[in-house]
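Trainee: Residue-level listing of the chains:
Protein chains: 4
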Amino acid sequence: MDKTCLFGGTYWPIRIGLGGSRAVCRVFAGRSRAALVNPDQANGPPWSGRSLPGGLAWDRNAGDLGGCRVSCRHVVRGGATPRGRVARRPGPYVRVAVLTSGGDAPGMNGAIRAATRTAFVRDWEVLGVPDGYRGLLEGRFRRLTDRTMGGILHRGGTILGTAREPQLLTEEGQRQGLAALKRAGVEGLVVIGGGGSLKGALALAKLGVPTVGVPATIDNDVPFTDMSIGVDTALNTALEAIDRIKDTASSHRRAHVVEVMGRNCGYLALACALAAGAEAVLLPEHEPHPEDLLGALASSYERGKPHFIVVAAEGSGLPARKFHEYVNAAEDTFESRLTILGHVQRGGSPTAYDRLLGSRLGAAALRALAEGEPGIMVGVSGRRLERFPLEDVAAGKKHLDEDTYDLALTLAGMHRRRG
Amino acid sequence: MDKTCLFGGTYWPIRIGLGGSRAVCRVFAGRSRAALVNPDQANGPPWSGRSLPGGLAWDRNAGDLGGCRVSCRHVVRGGATPRGRVARRPGPYVRVAVLTSGGDAPGMNGAIRAATRTAFVRDWEVLGVPDGYRGLLEGRFRRLTDRTMGGILHRGGTILGTAREPQLLTEEGQRQGLAALKRAGVEGLVVIGGGGSLKGALALAKLGVPTVGVPATIDNDVPFTDMSIGVDTALNTALEAIDRIKDTASSHRRAHVVEVMGRNCGYLALACALAAGAEAVLLPEHEPHPEDLLGALASSYERGKPHFIVVAAEGSGLPARKFHEYVNAAEDTFESRLTILGHVQRGGSPTAYDRLLGSRLGAAALRALAEGEPGIMVGVSGRRLERFPLEDVAAGKKHLDEDTYDLALTLAGMHRRRG
Amino acid sequence: MDKTCLFGGTYWPIRIGLGGSRAVCRVFAGRSRAALVNPDQANGPPWSGRSLPGGLAWDRNAGDLGGCRVSCRHVVRGGATPRGRVARRPGPYVRVAVLTSGGDAPGMNGAIRAATRTAFVRDWEVLGVPDGYRGLLEGRFRRLTDRTMGGILHRGGTILGTAREPQLLTEEGQRQGLAALKRAGVEGLVVIGGGGSLKGALALAKLGVPTVGVPATIDNDVPFTDMSIGVDTALNTALEAIDRIKDTASSHRRAHVVEVMGRNCGYLALACALAAGAEAVLLPEHEPHPEDLLGALASSYERGKPHFIVVAAEGSGLPARKFHEYVNAAEDTFESRLTILGHVQRGGSPTAYDRLLGSRLGAAALRALAEGEPGIMVGVSGRRLERFPLEDVAAGKKHLDEDTYDLALTLAGMHRRRG
Amino acid sequence: MDKTCLFGGTYWPIRIGLGGSRAVCRVFAGRSRAALVNPDQANGPPWSGRSLPGGLAWDRNAGDLGGCRVSCRHVVRGGATPRGRVARRPGPYVRVAVLTSGGDAPGMNGAIRAATRTAFVRDWEVLGVPDGYRGLLEGRFRRLTDRTMGGILHRGGTILGTAREPQLLTEEGQRQGLAALKRAGVEGLVVIGGGGSLKGALALAKLGVPTVGVPATIDNDVPFTDMSIGVDTALNTALEAIDRIKDTASSHRRAHVVEVMGRNCGYLALACALAAGAEAVLLPEHEPHPEDLLGALASSYERGKPHFIVVAAEGSGLPARKFHEYVNAAEDTFESRLTILGHVQRGGSPTAYDRLLGSRLGAAALRALAEGEPGIMVGVSGRRLERFPLEDVAAGKKHLDEDTYDLALTLAGMHRRRG
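Sequence lines, in order, name chains A, B, C and D.
Quick note on numbering: UniProt numbering labels position 53 of the first sequence as 53, and the sequence is numbered without any gaps.
Quick note on numbering: UniProt numbering labels position 199 of the second sequence as 199, and the sequence is numbered without any gaps.
Quick note on numbering: UniProt numbering labels position 258 of the third sequence as 258, and the sequence is numbered without any gaps.
Quick note on numbering: UniProt numbering labels position 380 of the fourth sequence as 380, and the sequence is numbered without any gaps.
One chain only, chain A, in its complex shape:
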């Protein structure tokens, strides 16, 4: 007669080979047959497999089995007493790495923390790579612990450090990165950064490293995802600065041209302009006509408006400084002042939105690794999180929302010039 022993209830991590389709679950339960019952999926078939020396293995599509409570039904053939036990392996079964790259963005720490804590739930080990790809190329890693993750959610910047490292875009650099990951025993990589950083992630994915990207850049120029981590904070920071500038602009009855970040993407400038109630906005996506703007400015001056705020994107075809000079060259109109907000926009405690977005995307990135679907970027599309192939992300381009642009013009009292 067979004797059955039910090892129940204890939390028990299951190892999933990240790269392949074969899930190997090691049950240190003696040499006889064993079956795993996952009570969370009570209706499904039990997971059973063949006995292995030192474990239990069965074929299964890779998937997120980790972190659930399992009961292990251990059957010993014949009359012997079941002596084995479901041992919790001392070490973690999977080791992944996390890095932040490119320009820092508030909320990156939330993504690091969520990815790390989600990994810990699976008993995985997480290595942080200092200073982005630069640290990776130099083979630097440091183990992230629960204590490292304490008190970082509300902090700006990235606790891992970051850098712009063009070398990873070379073949030589990629081989070097791959080698460093192998040496460290890293089986999966989470890359948190902007467009350039995600291109690096794609390169590593192509070399076989299971890699998941998380969009984080205050420029909001990563395609497919509605928002990148850091945008909301930068937007509010810039907005607060413009609110301040309006105070002094009104006191002196001046025009102020304010340059905000965004590289070649006008999102930040447009959103700022709309939220600040600016009188005009200069965007890379819309080649502005200086005469139109000067006309609007002159007309505002005549109507007695107390100020004229122009928000200009970094990459605007008509640069902030140039327009500022145009205004000051004109007569009988507002005097202009120029402010370049610069790096102030990068820092600061992340807003609720960026902490939530960072937390959701960081956790989702880890889940994508665990479910064996790397080579993607996790992003937000409406209410939902979605996965987009890194290939598409690298090739895509983010477009401006023209409705928002029209709304900004309408609310500023400027009607768009057609045709």
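Simulated from the structure, these hints should not be mistaken for lab results.
Don't be surprised by glycine CBs; every beta carbon is placed ideally from N, CA and C.
Be a bit skeptical, because a hint or two may be false.
[Said to hold, decoys possible] Calculated Cβ distances over 12 Å to all of chain A for the following chain B residues:
id	residue
1	R147
2	G185
3	A234
4	A271
5	E335
6	R337
7	A352
8	G396
[Stated by the list, open to error] Pairs of lysine-lysine residues, derived as DSBU-like cross-links and limited to a Cα-Cα distance of at most 35 Å, are as follows:
id	chain 1	residue 1	chain 2	residue 2
9	C	K322	A	K322
10	D	K397	D	K182
11	A	K305	C	K182
[To be verified] A short, non-exhaustive set of chain D residues, derived as facing chain B with CB atoms under 10 Å:
id	residue
12	G103
13	A241
14	I245
15	R254
16	S349
For this one, chain A is given, so just place chains B, C and D on it according to the hints.
Mentor: Chains B, C and D in isolation, oriented as in the chain A frame:
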């Protein structure tokens, strides 16, 4: 021979009867035949109609014709010289009213401003109703001007004033409101407020007042729309307060129970808890087990955590104060402090998100009126603005996002108790 | 027998001739003898004087008698019933003007409000001069009311508007200003502004206009007063920006050179550097040695510090941009980024300190006018408010606190080079 | 012939016996006569003393000799070559401890940092005592390093932790504390905290521990010093909250009673009321008449004021809740809401003022220890830092500034009721 006179290019507002299907365009162009050509819709048929004393009228589905540039081709039969002209009517053609109702929410001013300015583009007149439905019942209106709209976008609260007025939910009250609107010549109404206020909007819509609702409440309990105006600001305000409380909690090694607003909706509390990295959250949607929470608290204390933050929703089944007392009754664990954030969460300059949301929804509400589709609430669904029947909104209920709840538990290191 | 009628308790303003030594109190109390009893000065002699047609007058040194409650004991000789009454004169007795001049500073509104409300307590009339001396030269005035003063205390900038108007420093301009004041019937002037504006105030005082100055400039370069209105807010604004910059500096391991305002006064930069824990500070008052700084920077880099923040005053001998370029020209050290904070520092809701300082100084300015001591600036010296002759203020120079400088160096780990 | 060797220029810490009047300077310079020349005090006599095994000692009043550059003139009698050298002792010569006690206050970290870094300049060792007097009684100490001091200046709360520990006010507790300090070899103590904590400091000083107090409490109830660390931050935090509350109060036309901290000291409430432009203030120092306040409230309501804000101190004779209930019991006047700001006021990044004050007082405390003047509290009096005997501080009481109170009433339009 007929002579033709083309009045071209000038911006010319077109009157649309809001309630009906008949668009009446008054062209002060003499008594003979006239045709309007809308160059923005070059491919469509010209709008022509029959001559009326003092105008031109034709049948047409009501729609947003307003605010476009029109050329008026005026044909005079016979050899007479066309003497008429397309006169811009001195007054506005349509008069709408805007009110804010229920609890105030940051961003309401952005919605008022956007609705008003969008109306001005159509040359409509906008009346503000002071103090919500109370002002309506008392027949108080004041004209909103471009100047009234200056410098309000960044201000908290509502410049119109608001009130909770249960009388509008009675038949008598509704009749009174309807009469006041008629007396004032109001043809359309924008109601900015929360669930109760939108029920009032539905009542007026049923009585035949073209009414569009805009969801604004920091509780985020309005169904269908992802977010209501004011939620993001309240969330960030509460978050900032909890960040502060964490400082003192860590300094004293204490537990702090923080009650945030949200009535019967746990959204605000859940989002706060996640964004603040709280150790536990009490929600109306999840009946919590005090013993579980006390266990988690005791275990955190033993592990040496510097604080234990509990975010509690107003309407939680286990009230904030009760749990706070439980903790202080327990031994060898954190001492607890209680904070009820209260009205602080309502005020403050709206965040970028709420200014944008307010602006977008306010403009959309006006557009819905202009397009002859009242009886709806405008809301945000993912990236897009959508229209939802007020009937459905009044009957619906907002549900908690369970994924977010699970994420909060995971990141707090607490695993959800199943079954 | 004489009959006595006591008119008691009503608040009753007393007119004080601002310029002269004769206080004239008009009691509309009939023709017989009258005596005023000021219950606030119960121990002093009653104020009595001779009856005048339409009033009561007596000689007295000009002083602040206004705003107290008086009982008027009205004695009618013989048996007649006292028929007169103490009539409150309908109009105000004194008309003063308030202007803000030069660069705007947060807290100016608090000063305007306090001066105005303190005047109202005396039943004086207050005219606001729009756009500083420019408005004065153009003879523009607008009456300030209690309603105008509502909701301005927390607003940045100045509700009166301001301008830099060099013309007032010419004799012609001063005569023009004097004439405008006379035409408007203004008997006293409060000038709120910085050093240049106070020079203008001195010029008007010399021409005989009772003028009191209030120091308001974010540069803190007005001598004698410890602090000027606006400094604390600008300091906190700049500090918050530097806190943000530190986040990104640490993430990238960079040096950041941050230029703050202050013209030729290093106060703002020094206080910022100390409060932000900056690694170095460039001041107009201390000619820095670039090599020393580069050495400190290199040594910090070697010791592994995560960032190197340099705060530079606008007027520093070694300009921010120059030092920034030096750093980037050096090898094997931090990469540098430059931020010029600019006008952001001017605006924003004033801090508690600036609202209190503005309120105290504004009220004190009015009191100085009322007490017949014009030609002075009110300022803060330690805990107390003091009065400083405008003559001295115009001639003086504000010095840097060397102890604070030493402390900044000590806490930054840099020891001052001696000799 | 004697040979002289001048060891010049190197920075060299000098040990000062904190408790006594004998300064012992150990010069590891061989066995012969030596003299120290302090070039910073060129005019004074050289410091010379007798040779000791392993050092050099001389009598001198204790004073701040530390941290100066000294030249050591080392004379060897006879023809021998001077072989000794001025060795920098590897370890620090003096060990002091720092603790924070009582309620935490923003800026405490700045004081810890400044005291510690000022000690490091002298090569002293600094121990931090965790959790205030509680940690002291338990004999817990941890060494503070330069790294521990990095990135703490801008953080709220106290990195050392704090507690309210009544046991130190008992004789038994004091003996225990003294013993712990002796065991740890601590020769001086800096106590950062409020009134109660400074009483503890006095007790230890009386037992012979060189102790210096630093006033830090948001209540501003420590006498002699104008301001305590944390007050300015708490004030701005409370002010910001009241600004927010005003938004919602105006929107609903309500009265709001807001209770702020301050225990039995009305400073915080008064300053808040003045800075927020509140309509009334309830203070422990002024027994308010509810009828007067209700009258003012009713009159404001009639005059159409949009809100009525009452700021109440914690310890007010007429408690916030009671007045709130009075208002709601009254008819035809504002509806009231109550907010108790609570612990939110304690936390948050310190303002510039509190960082500067903390830094100045922390450094001054260390200097007082070094100069052999313990038993005092360092405080700020006007522009200057001063020292006040702990004895006086413990016996004193902080008084309200009546001028500020009058100003608040004047600006709120309420005149003070006399006698």
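Trainee: Hint by hint, note whether the structure agrees.
Mentor: Cross-check of the supplied hints:
1. R147: 10 Å, violated
2. G185: G185 of chain B clear of chain A: closest Cβ-Cβ about 25 Å, beyond 12 Å.
3. A234: Non-interface label fails for A234 of chain B: nearest chain A Cβ at 9 Å, not farther than 12 Å.
4. A271: Check fails; 6 Å does not lie beyond 12 Å.
5. E335: 20 Å, holds
6. R337: 19 Å, holds
7. A352: 4 Å, violated
8. G396: 16 Å, holds
9. C:K322 with A:K322: Roughly 23 Å separates the two Cα atoms, so the pair holds.
10. D:K397 with D:K182: Holds - the C-alpha atoms of K182 of chain D and K397 of chain D are around 33 Å apart, at most 35 Å.
11. A:K305 with C:K182: Holds, at roughly 30 Å.
12. G103: At about 8 Å, which falls below the 10 Å cut-off, the nearest Cβ of chain B leaves the hint on G103 of chain D intact, so it holds.
13. A241: A241 of chain D check passes; min Cβ-Cβ to chain B is 5 Å, inside 10 Å.
14. I245: 5 Å, holds
15. R254: 9 Å, holds
16. S349: 8 Å, holds
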